[in-house]
Amino acid sequence: MGEMRNLGEDLARIKSAKVIKSFCYTCPWQCPTEVFVRDGQVVYHKGNPESPNNIGSRCAKGMASWWLTRDPDRLKFPMRRTNPKGEPGKFERISWDQAFTYIAEKLQAIAEKWGPEAVAYTCHHDPNTVFFRHLLGDLYGTPNNYTHTSGCEQDRRAACLTLFGHPFPMHDFANSRYVILWGMNMLGANQGLWESRALLEAKKKGCKLVVVDPNFTETAQKADEWIPIQPGTDGAMALAMCRVIIDDSLYDREFVEKYCDGFSGFRDHLREKDYTPEWAAPICGVSATTIARLAREFAKTKPAMSAIFKGSGYYTNGADAGRACYILDAITGQVDKPGNLHLKDWAPLAAPVNIPEEAKRRPQKPPLHVAMGYPLAPDLPNARLPDAVIHGKPYPVKALFVQSTNPVMSDPNTDLMKEMFRHLELGVAIELFMSETAIECDIVLPETSFYEHAEIRQGLWLGAEVVLCQPAIPPLGEAKPLYDIVQGIAGKMGWGQHFPYKKWEDWGELVMKDIPMSVEELKKKGFWANAIRYNRVPEGLATPSGKVQIHSQAYADAGFCPYPIYTERSVIPDAEYPLQLTHSKISMHCNVLTQNNPLLMEICGENWAEINSSDASKYGIVDDAYIIVESPKDKIRIKAKVVEGLVPGCISVRHGHGFGHWAMGSVAKGKGAHSNNLMDNFTNPITGANCYNECKVRIRMA
Amino acid sequence: MQHGFYFDHNVCVKCHACEIACKTWNEVEVGPRWREVVKIETGTFPNVRAMNVSMACMHCGDAPCQKACPVTAISKRAEDGIVLVDQNKCIGCGFCTWACPFNAPQLSATAGKMEKCNFCQSPGKERPLDMPRACEEVCPTGAIKSGPMSLLATLGRSNSATRLAGRGAEGLPGLMLDAHERFGPGE
Chain S
1 MGEMRNLGED
11 LARIKSAKVI
21 KSFCYTCPWQ
31 CPTEVFVRDG
41 QVVYHKGNPE
51 SPNNIGSRCA
61 KGMASWWLTR
71 DPDRLKFPMR
81 RTNPKGEPGK
91 FERISWDQAF
101 TYIAEKLQAI
111 AEKWGPEAVA
121 YTCHHDPNTV
131 FFRHLLGDLY
141 GTPNNYTHTS
151 GCEQDRRAAC
161 LTLFGHPFPM
171 HDFANSRYVI
181 LWGMNMLGAN
191 QGLWESRALL
201 EAKKKGCKLV
211 VVDPNFTETA
221 QKADEWIPIQ
231 PGTDGAMALA
241 MCRVIIDDSL
251 YDREFVEKYC
261 DGFSGFRDHL
271 REKDYTPEWA
281 APICGVSATT
291 IARLAREFAK
301 TKPAMSAIFK
311 GSGYYTNGAD
321 AGRACYILDA
331 ITGQVDKPGN
341 LHLKDWAPLA
351 APVNIPEEAK
361 RRPQKPPLHV
371 AMGYPLAPDL
381 PNARLPDAVI
391 HGKPYPVKAL
401 FVQSTNPVMS
411 DPNTDLMKEM
421 FRHLELGVAI
431 ELFMSETAIE
441 CDIVLPETSF
451 YEHAEIRQGL
461 WLGAEVVLCQ
471 PAIPPLGEAK
481 PLYDIVQGIA
491 GKMGWGQHFP
501 YKKWEDWGEL
511 VMKDIPMSVE
521 ELKKKGFWAN
531 AIRYNRVPEG
541 LATPSGKVQI
551 HSQAYADAGF
561 CPYPIYTERS
571 VIPDAEYPLQ
581 LTHSKISMHC
591 NVLTQNNPLL
601 MEICGENWAE
611 INSSDASKYG
621 IVDDAYIIVE
631 SPKDKIRIKA
641 KVVEGLVPGC
651 ISVRHGHGFG
661 HWAMGSVAKG
671 KGAHSNNLMD
681 NFTNPITGAN
691 CYNECKVRIR
701 MA
Chain Y
1 MQHGFYFDHN
11 VCVKCHACEI
21 ACKTWNEVEV
31 GPRWREVVKI
41 ETGTFPNVRA
51 MNVSMACMHC
61 GDAPCQKACP
71 VTAISKRAED
81 GIVLVDQNKC
91 IGCGFCTWAC
101 PFNAPQLSAT
111 AGKMEKCNFC
121 QSPGKERPLD
131 MPRACEEVCP
141 TGAIKSGPMS
151 LLATLGRSNS
161 ATRLAGRGAE
171 GLPGLMLDAH
181 ERFGPGE
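Residue numbers (the working numbering), protein chains in the order written: chain S, 1 to 702; chain Y, 1 to 187.
Please note that a few of the clues may not be correct.
Pairs of lysine-lysine residues, derived as DSS-like cross-links and limited to a Cα-Cα distance of at most 27 Å, are as follows [unchecked claim]: (1) S:Lys669 / S:Lys639; (2) S:Lys525 / Y:Lys125; (3) S:Lys641 / Y:Lys39; (4) S:Lys258 / S:Lys205; (5) S:Lys85 / S:Lys113; (6) S:Lys90 / S:Lys106; (7) S:Lys205 / Y:Lys125; (8) S:Lys639 / Y:Lys39.
Simulated from the structure, these hints should not be mistaken for laboratory data. No experiment lies behind these values; they were computed from the predicted model shown.
Next comes chain Y alone, as it looks inside the complex:
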């Protein structure tokens, strides 16, 4: 059963707590950012709009990073679809960072290896899948949810929960983006 994230931009206030919780739980050094919050602003004064998006690896169905890896260091776990990188195999070539459309894989400057969101499955710090991920647990406004994609599809306005960046039904990334409600001040 493919697992992934649900994200409701309507309540994300771009506080970045998810990034810090991710980093703290998984003991990620300063440098690689497994999760990143960005703001997209549109319009012209005074009709301005903005949307915040918190993004991490989406554990894609046909993970392009996996295909690009020359040493098969990247694998997709059969039972939950989580995309993992084997640090022992990784040669730090960076092909995956070019292949990923979302900039999810990050090269560590100190280790010279690729790392990214592993759905809180860092060795020795694995969170069972029925617990919230660190990013989800910390979020002050409940903007992030994790779980099986079939369950996430029922959250929010399920009929309008759209999948980000369609790449063919098989290869959809594991992110539900509730983009139905318009955001910010109206025109």
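With the rest of the complex left out, here is chain S:
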């Protein structure tokens, strides 16, 4: 039907609008889009049909994101706190010039008194943070430029870096014939839309999908087998499966000999530890027969994939659980071939500015994660940041920049996070809304939304890819793009010459210099994608041995076992608090950013706690009623949903840290319950990840 026509252009004509190619930054998967603009307003938008990321489609969160362009609760001008810290911030409007001056003076004073290492920067995953990295990292000289991974897939990232030397592999579901997902709700999170579609299409062609998860998620719903495992025990089951595959000689002998480092040691390790299906069965609540059968099926069916994302990492034993799940791929030779975990190429994006070597200042202290004792952490162990800010350990942190991230809301132990902000000499929030973190800061700067600024970044698809977001409409109020904010602060610090761009295309040309596409072409097309490439393992991986690192010397050097081991998680329910608190996501919301959107809130206006019907009877819980969930630390009031699809002995709070906003905006405020203060700030000892599920609770009717 109408294959010669351009649907975007035809639809835009109906809306009397102009089409601008861009991308959506509601979540970090950045689907390329076509934004329809009329009279300076976004009147519709759709997926870019040429892009392999989303093939013209969108998710609900992205589709509803146009609301950002007219949300009356957006920040419109820079503000400075007028009341003392320790109470919710009151703010006065200031000019950008005043804001830049204030920040620059504070930064200079902190550098003189404490050293530049006392400044830390955390963000979501905005590529424009690269500008801040050049300002604070290269010129100012702090090594502490971080993102948000410890609240996300920190354990996965650590496992992938350790084993494959790759921070963020993709999933080539389209060619898979057997997929095991551990605590990964691919279809519920629905972020990489091409991955969701490929998984379902593979299923139609006969791929078997096994979902190992305490929760009957949207992904488990589509699975051939749902394995309702006990929470925090994925590592035990994966290690037992490795043992079966090795004992039955079902591993890929050639692959492990040629391309893996430490296979024989791992085999001996499994035997010494006596990791067997019989050992794992009572731990995992999965029969030994099932564990052995799944191991054999997995090893015999190729191409196959065993993958994790966040779920297995929400416990203090999550790092090794992640490694074990990926070693299943390694010993069966299922790495980076069609249908496997895919060690994608990155596009050769260059720096947007040229900072001369002589202008750079070398940090005098190691980065915080190393100084904190987490050398293997791929990102800042966020839950340990209060130690540095409040107690000066391992060294003092006096200034914190939070950009498009909301640690008071998203990190465990809300009280402690709030307390941390009160000890800062300078807290700067760069945000769209007066977030729960912004309200604890000294300076709040309004950033433009992705409809109002430019970004050029890596695309999250199988091939090397560049995606572009470009300004479709003018900034709301006085909001500024990050690159202009950095330019303003740099100017006040005497480094203006290093950020010489007059318009975004100036730095865009520099970023794109090694990509075979001009900025002008990129603006017309919206993305650049290279062909998919497979089989990088024989070329050598970015690991110490160049092979898949089953044995990790880095782990041994840091005082951990070089092979994955199984340890029990830290918090186990008891008579007083008999239920394990777990968390899962909701497809209509992304992190802490989407709850002020009335379109999404109409569909899902509050979060809830799921509880198995047997536990509901035990504790007198009625479906759809409000209950009190109480941990040793705090309690919340939340709606209960009595379900069958959850392991008894658990409760599952869906989107626990995204709801219950107390600052963000008029739509979000007070809706649902915020679960993060139920838990203490447990940190994965290896990766520094937040451990959201290390919490025991009791429940009763409200």
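Starting from the structure of chain S, add chain Y where the hints point.
Using the frame of chain S, we list chain Y on its own:
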């Protein structure tokens, strides 16, 4: 030629993008939901199953809403069978909302009039019928298709594409539900 929707629950992941796209294209206010996705869960732990269904007005052959309307505000377009409501005639009595078995007609709290899926035929925003509807265009997994019913019947496993809620051959709703393949984990 009767037009309608085809829906494949096997690939619907209940992401609700169809609802938001519908609302955005047709500029529907918060309140009325022209399209709605629901999950139906069955079984007992650990043998649980679930099915997602995205539903809008099915533009029925013998539209009960049309019959129930006391002021003939609801009509069925001759050329494509699309059921439309004339907002100028509608008195907001709500009879249609009682007559429809699928809860398709929705009363707007602000206008006090009935509204529902009009197959993307909102005045000034009409999508020609050879284009995808907004819900269809946005769907990440291709679960929704629109078109003439004769064409939709050939999609998926055509021999097993069953029509939802049979109400006599003449009055069948315009929805093809591919319900052949079993869904979710087996028993």
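These are the hints, each one checked on the structure:
For the hint linking S:Lys669 to S:Lys639, the alpha-carbon distance of about 16 Å falls within 27 Å, and the restraint holds. Distance restraint check for S:Lys525 and Y:Lys125: the Cα-Cα separation of roughly 26 Å lies within the 27 Å cut-off, and the hinted pair is therefore satisfied. Of the supplied pair hints, the one linking S:Lys641 and Y:Lys39 holds, its CA atoms being roughly 13 Å apart against a limit of 27 Å. A hinted pair counts as satisfied when its Cα atoms are at most 27 Å apart, and S:Lys258 with S:Lys205 does not qualify at roughly 32 Å.
With a C-alpha separation of about 21 Å, the suggested pairing of S:Lys85 with S:Lys113 holds against the 27 Å cut-off. Annotation: proposed proximity of S:Lys90 to S:Lys106 holds, straight-line Cα distance about 20 Å (limit 27 Å). For the suggested pair S:Lys205 and Y:Lys125, the alpha carbons sit about 38 Å apart, so the restraint of at most 27 Å is broken. For the hint pairing S:Lys639 with Y:Lys39, the CA-to-CA distance comes to about 18 Å; that is within 27 Å, so the pair holds.
Hints 4, 7 from the earlier list are contradicted by this structure; the remaining hints agree with it.
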